[in-house]
Amino acid sequence: MSRAFLPLLLSPLLLTAPAADAASGELLRALSDEMKRTVERLEMKKLDKPYFVSYSVRDVRRISIESSFGAIKDPHEYRSRQLKVDLRVGGRTLDNAHYVGKDHWSYRPLTGPLALDDDYDALRYGTWSLTDKAYKQALQRLAQKKAYKQDKLITEEIPDLSEEQAQSFEEPAADLAFDHALWESRMRKLSSIFKKYPAIQSSEVDLYWTQRYTYFVDSEGRRVIKPDHDFEIYMSASTQAEDGMRLGDRRRFISKTRAGIPLFSELETGALRLAKDLTALAKAPALDKPYIGPVMIEGQAAGEFFDQLLAHNISFPRELWVEQDSVKEQFHSGSLAGRLGLRVLSPLLNVVDDPSLEDAEGKPLIGHYSVDDEGIPAQKVTLIERGILKDLLMSRSPTKERERSNGHGRAAFWEHTTARISNLVIDADKTVPEDELKQAFLREAKEFGLDFGLIVRRIAEEDRQEKDEVLAAPVMLYKVDVSNGREELVRGARFTGVSMRALRDVLAAGDRRHVYNYYQLGPYKSSRGQVQASIVHPSVLLGEMELKKTDKKPDKLPYLKHPHFD
Amino acid sequence: MNRHARSLIAALLAAVLAHLPARLLAAETPDDDPVLSAMRKELERSFSALQNAEKTPLYFLGYQIRDTRSYHLDALLGAIRSENDRRHRFLDVDVRVGSRKLDNTHQIKGAGSWLERSGERHTEVTVDDDGDALRADIWRRTDKAFKEAFRRYTKVVTNKAVTAEEEDKSWDFSEEKPARFYEKIPHPEVDKNAWRERLRRISATFKKYPFIIDTGVSLSVDTLHRYMVNSEGAEIVTGDRYIRLSYRISARTDDGMDLDRFRSYDADRLEDLPGEAAIIADMERSAAELQALHKAPLVEPFNGPAIFRNRATGVYFHEILGHRLEGHRQKLEEEGQTFTKKLDKLITAPFITVYDDPKLDRFRGQFLRGAYRYDDEGVASRRVDLILRGKLKAFLMSRSPIERFGNSNGHGRRSAGHEVVARMGNLIVKSRQRVSSQRLREMLIEEIRKQGKPYGLIFEDIAGGFTSTSRHGTQSFKVIPKLVYRVYPDGRPDEAVRGVDIVGTPLTAFTKIIGAGDDPGVFNGTCGAESGWVPVSAVAPSILVSEIEVEKKFKSSDKPPVLSPPHHEKEDRP
Numbered sequence: 001m002s003r004a005f006l007p008l009l010l011s012p013l014l015l016t017a018p019a020a021d022a023a024s025g026e027l028l029r030a031l032s033d034e035m036k037r038t039v040e041r042l043e044m045k046k047l048d049k050p051y052f053v054s055y056s057v058r059d060v061r062r063i064s065i066e067s068s069f070g071a072i073k074d075p076h077e078y079r080s081r082q083l084k085v086d087l088r089v090g091g092r093t094l095d096n097a098h099y100v101g102k103d104h105w106s107y108r109p110l111t112g113p114l115a116l117d118d119d120y121d122a123l124r125y126g127t128w129s130l131t132d133k134a135y136k137q138a139l140q141r142l143a144q145k146k147a148y149k150q151d152k153l154i155t156e157e158i159p160d161l162s163e164e165q166a167q168s169f170e171e172p173a174a175d176l177a178f179d180h181a182l183w184e185s186r187m188r189k190l191s192s193i194f195k196k197y198p199a200i201q202s203s204e205v206d207l208y209w210t211q212r213y214t215y216f217v218d219s220e221g222r223r224v225i226k227p228d229h230d231f232e233i234y235m236s237a238s239t240q241a242e243d244g245m246r247l248g249d250r251r252r253f254i255s256k257t258r259a260g261i262p263l264f265s266e267l268e269t270g271a272l273r274l275a276k277d278l279t280a281l282a283k284a285p286a287l288d289k290p291y292i293g294p295v296m297i298e299g300q301a302a303g304e305f306f307d308q309l310l311a312h313n314i315s316f317p318r319e320l321w322v323e324q325d326s327v328k329e330q331f332h333s334g335s336l337a338g339r340l341g342l343r344v345l346s347p348l349l350n351v352v353d354d355p356s357l358e359d360a361e362g363k364p365l366i367g368h369y370s371v372d373d374e375g376i377p378a379q380k381v382t383l384i385e386r387g388i389l390k391d392l393l394m395s396r397s398p399t400k401e402r403e404r405s406n407g408h409g410r411a412a413f414w415e416h417t418t419a420r421i422s423n424l425v426i427d428a429d430k431t432v433p434e435d436e437l438k439q440a441f442l443r444e445a446k447e448f449g450l451d452f453g454l455i456v457r458r459i460a461e462e463d464r465q466e467k468d469e470v471l472a473a474p475v476m477l478y479k480v481d482v483s484n485g486r487e488e489l490v491r492g493a494r495f496t497g498v499s500m501r502a503l504r505d506v507l508a509a510g511d512r513r514h515v516y517n518y519y520q521l522g523p524y525k526s527s528r529g530q531v532q533a534s535i536v537h538p539s540v541l542l543g544e545m546e547l548k549k550t551d552k553k554p555d556k557l558p559y560l561k562h563p564h565f566d
Numbered sequence: 001m002n003r004h005a006r007s008l009i010a011a012l013l014a015a016v017l018a019h020l021p022a023r024l025l026a027a028e029t030p031d032d033d034p035v036l037s038a039m040r041k042e043l044e045r046s047f048s049a050l051q052n053a054e055k056t057p058l059y060f061l062g063y064q065i066r067d068t069r070s071y072h073l074d075a076l077l078g079a080i081r082s083e084n085d086r087r088h089r090f091l092d093v094d095v096r097v098g099s100r101k102l103d104n105t106h107q108i109k110g111a112g113s114w115l116e117r118s119g120e121r122h123t124e125v126t127v128d129d130d131g132d133a134l135r136a137d138i139w140r141r142t143d144k145a146f147k148e149a150f151r152r153y154t155k156v157v158t159n160k161a162v163t164a165e166e167e168d169k170s171w172d173f174s175e176e177k178p179a180r181f182y183e184k185i186p187h188p189e190v191d192k193n194a195w196r197e198r199l200r201r202i203s204a205t206f207k208k209y210p211f212i213i214d215t216g217v218s219l220s221v222d223t224l225h226r227y228m229v230n231s232e233g234a235e236i237v238t239g240d241r242y243i244r245l246s247y248r249i250s251a252r253t254d255d256g257m258d259l260d261r262f263r264s265y266d267a268d269r270l271e272d273l274p275g276e277a278a279i280i281a282d283m284e285r286s287a288a289e290l291q292a293l294h295k296a297p298l299v300e301p302f303n304g305p306a307i308f309r310n311r312a313t314g315v316y317f318h319e320i321l322g323h324r325l326e327g328h329r330q331k332l333e334e335e336g337q338t339f340t341k342k343l344d345k346l347i348t349a350p351f352i353t354v355y356d357d358p359k360l361d362r363f364r365g366q367f368l369r370g371a372y373r374y375d376d377e378g379v380a381s382r383r384v385d386l387i388l389r390g391k392l393k394a395f396l397m398s399r400s401p402i403e404r405f406g407n408s409n410g411h412g413r414r415s416a417g418h419e420v421v422a423r424m425g426n427l428i429v430k431s432r433q434r435v436s437s438q439r440l441r442e443m444l445i446e447e448i449r450k451q452g453k454p455y456g457l458i459f460e461d462i463a464g465g466f467t468s469t470s471r472h473g474t475q476s477f478k479v480i481p482k483l484v485y486r487v488y489p490d491g492r493p494d495e496a497v498r499g500v501d502i503v504g505t506p507l508t509a510f511t512k513i514i515g516a517g518d519d520p521g522v523f524n525g526t527c528g529a530e531s532g533w534v535p536v537s538a539v540a541p542s543i544l545v546s547e548i549e550v551e552k553k554f555k556s557s558d559k560p561p562v563l564s565p566p567h568h569e570k571e572d573r574p
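Protein chains in written order, with my numbering: chain A, 1 to 566; chain B, 1 to 574.
By construction, these hints were calculated from the structure, which means they are not laboratory data.
Given the structure is predicted, the values throughout are model-derived calculations rather than measurements.
Take the hints with a grain of salt, since some may be wrong.
[Said to hold, decoys possible] Think about it this way: if two alpha-carbon atoms lie no more than 20 angstroms apart in a straight line, the pair counts; the simulated EDC-like pairs of lysine to aspartate or glutamate are:
1. A:K133 <-> B:E569
2. A:K561 <-> B:D558
3. A:K390 <-> A:E403
4. A:K133 <-> B:D260
5. A:K556 <-> B:E54
6. B:K160 <-> B:E403
7. B:K144 <-> A:D243
8. A:K46 <-> B:D255
9. A:K46 <-> B:D260
10. A:K49 <-> B:D558
11. A:K561 <-> B:D132
12. B:K192 <-> A:D175
13. A:K189 <-> B:D129
14. A:K195 <-> B:D558
Bound conformation, chain A alone (with noise of 0.2 angstroms):
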């Protein structure tokens, strides 16, 4: 099927066309003619009528099977469609979104389920019911939002919804195909190679497989239809050192397209690579002192640096005003937004965010789409030259420096949406053959005065955070002879004292580019969500980092064996 990107504009007679899709004709039409009644007729005496309303189904198909030990737990099949309602009060320049109340717990969009029946009345229903929800909600809340405004004092005026042209767009459906009896046997295969590394106390081997649309429908006339899927194998084991220490590590396979699901041969390599890691750093010596001075970072542990540092400072720029002081932190906003025309980033790097690629060096990017999910074209950024912020991503949410969406609003389904990185492309002017990287790394050391240096080869997710880290500790770490390059894995470690300005502190970036696929982290605690995005990065070298001892204590071993190796 081609993936090719089809604008056009659906008239009402295309959409009832059972040629389309007949589940989405019924499901479009419920959803038109609810809206319709809905901005024609939903007022509440005195009050103020609906001024923009939007929603968006995301109809999904799931498989999950998760494996541990060469057997199969919780087997799951289903299928759901959800309705998601955005619905504003008041006007462009005041409504009632961007505003978390003392209910900040709630602070999420209304969502409910729909009828898996393409039932014209059943869908309108469901429809009509979420709407009249999310209605009274909007009025509460705009109300608060201006009792807030006025106590305040708040005088500056960022509208809350920018104006932008209606498109429509549809993406011809590419169903995911699934053959569920190889992959059970496949996960069996995949979780059973733990069977020979006894050191490895606890394995999971997971496939999630998500077949999703999205349809997508808003009052100033924007139609959407897009296949939006979701494949991932994910692997995680855990096991303590001698000394009790807790080690653990996931390895993560995503993809959004046939094309893209990994040959099965990369994941056996995947599930080896895990064991043998994770049984290697249960024999590996901690990290005894700190350590201060350059770092190398590689491969996947430059992606989560790029993404923790750099996408989640460059995404979500809009600031939310957040009734309660003391829960503020919860409802991040982008810190990079206010800095537009400084130095962010080493002068060395350029970065844009593209969501039109479809691949890098070969690989799929998944955090590629066409429209997103406010129905704006997606469009190419160019944020940083050579280290200058020069632009921001922005969705319908306008900041104080950009009025207009560039097609960067997406959400998990129960967020609210916010501008984020899609594929975010960090290239650097001049770069270093990688393993030249690695003398330049340790001359950098030998300069510092030290016996060696510390090269990191993976970094934990973004979610396993402590609470005063703005960079998870390193999972793989290797101390380096500056004598002789030789290398011995650490376990054990965590940063300390980073900030942004790690980034303006990359002193040299590697030749070769690496491309990172995962899943982008939400900026509110209270409705965290994940959405798939690509980062396409160097390897670097960092002038400065300091690394010391996790403080985590040590727990007990366990007191028999495990039973395999008994």
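Since the structure of chain A is already known, use the hints to place chain B on it.
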């Protein structure tokens, strides 16, 4: 399709279902059952190695695996909304260190004691019959539970030393004869297509009512196998089936009160569910009741005579009496212990008898959800006479002994991840004096006149409620009536009313029973308490009470939807 044709199809469907052959499982025996054998092996290995691994001995180790297969289908207004078919296995590990006299499960008293309740303790394990994988999961959970038990034991010993002596000095664990039992039952073959069609048809019944703002019709078919082994030699596998068809509708009044009607049909065989026509007739009645409630006047706080309809009586006894007769509550020092010292004393009308009998799986042909053969501590269930002729005679017992009751009577229950406590199974309320429904109503009117009240109440349906048995709370109860009628002594027709909850104190509530009907009815439900959610039943006749107190009920204050449901569009207000 006309009504006649519909019921004919229903009849045919029922006939087809009745003749589906029950699939028999391959004849497994306890010896070649792979799950049981993995549990047994790991239990032997762990118990022998861990028994004396520390200074304080491990004296009991028990494993339980709950294997569930659940099919769930839900429809609204003629369309399927969700469908699920799942399989799970959950493992619970029970570890006891110390001795029967004092072990790690002993209560921790005083400030901060609530911090010492153990958290979730279960693990999801493989659904494959794979001994290696099962044993790996069991090993990990055992290690965790064993360490946790030691931590808690140390705290127990210190806590006992620094806090006041307990009133009830009973031991922590009773001695019971280990049982052996093996039973497997097949998961029913559900004709999914037929059921989807059936639920679509049934759920469309509610389409014609514009006041319904939410609705659903569900079918759930659950098969539960419990595997239990312990270091005393018990080895039990039991299978139970729970099938439920239910519907719910809700409406909201202009003053912001949410009202709903719910009905469920419970069975252990699909063919025992009522036919489509009967269900639709009930649905129509429920819709009429909801409509009446929707227009009904609010009741002001009131006290006076009332009738509890049979199923409502069952819920009332379950909530207010049953929970207070659970054995462990008689010795936990933070419990209200309402009835602890009332043994052999009259606590209710002398014509009332109450017992709990989990061995009963039918009452007059109706399936009882609260039935089970062995409890979650591997003890065979048995009937317990709780109240004989109004006098309190016994408590529901798990293996946690209390004064005068040193042994379990097979009522230790839990759902996955919780510690076992004493729970109800099938609570049966009987009356030696029985009158017809007509006579009971006459007695109510006589009582209204005698007390000079303007009216009395009939509680047709009670959804459940809250009963606080703890000393921290008020030890009173509140139950939530779902359908209440006002009965006038002057012959005016009964009137549906809304907006009240029943409140009271347990000791007085049960002394006010002055009559009972001859119409026992079955309530089937799921009961939640500290040991999780367990299926229960209550069987009771209608009763007449001389005095009941009702107070105003909480309401959400949300207005009903602004627009009419889309398919009733024409009726929109201009």
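Hint check:
no., hint, in the structure
1, A:K133 <-> B:E569, "18 angstroms, holds"
2, A:K561 <-> B:D558, "59 angstroms, violated"
3, A:K390 <-> A:E403, "15 angstroms, holds"
4, A:K133 <-> B:D260, "18 angstroms, holds"
5, A:K556 <-> B:E54, "13 angstroms, holds"
6, B:K160 <-> B:E403, "18 angstroms, holds"
7, B:K144 <-> A:D243, "17 angstroms, holds"
8, A:K46 <-> B:D255, "18 angstroms, holds"
9, A:K46 <-> B:D260, "30 angstroms, violated"
10, A:K49 <-> B:D558, "18 angstroms, holds"
11, A:K561 <-> B:D132, "13 angstroms, holds"
12, B:K192 <-> A:D175, "24 angstroms, violated"
13, A:K189 <-> B:D129, "16 angstroms, holds"
14, A:K195 <-> B:D558, "57 angstroms, violated"
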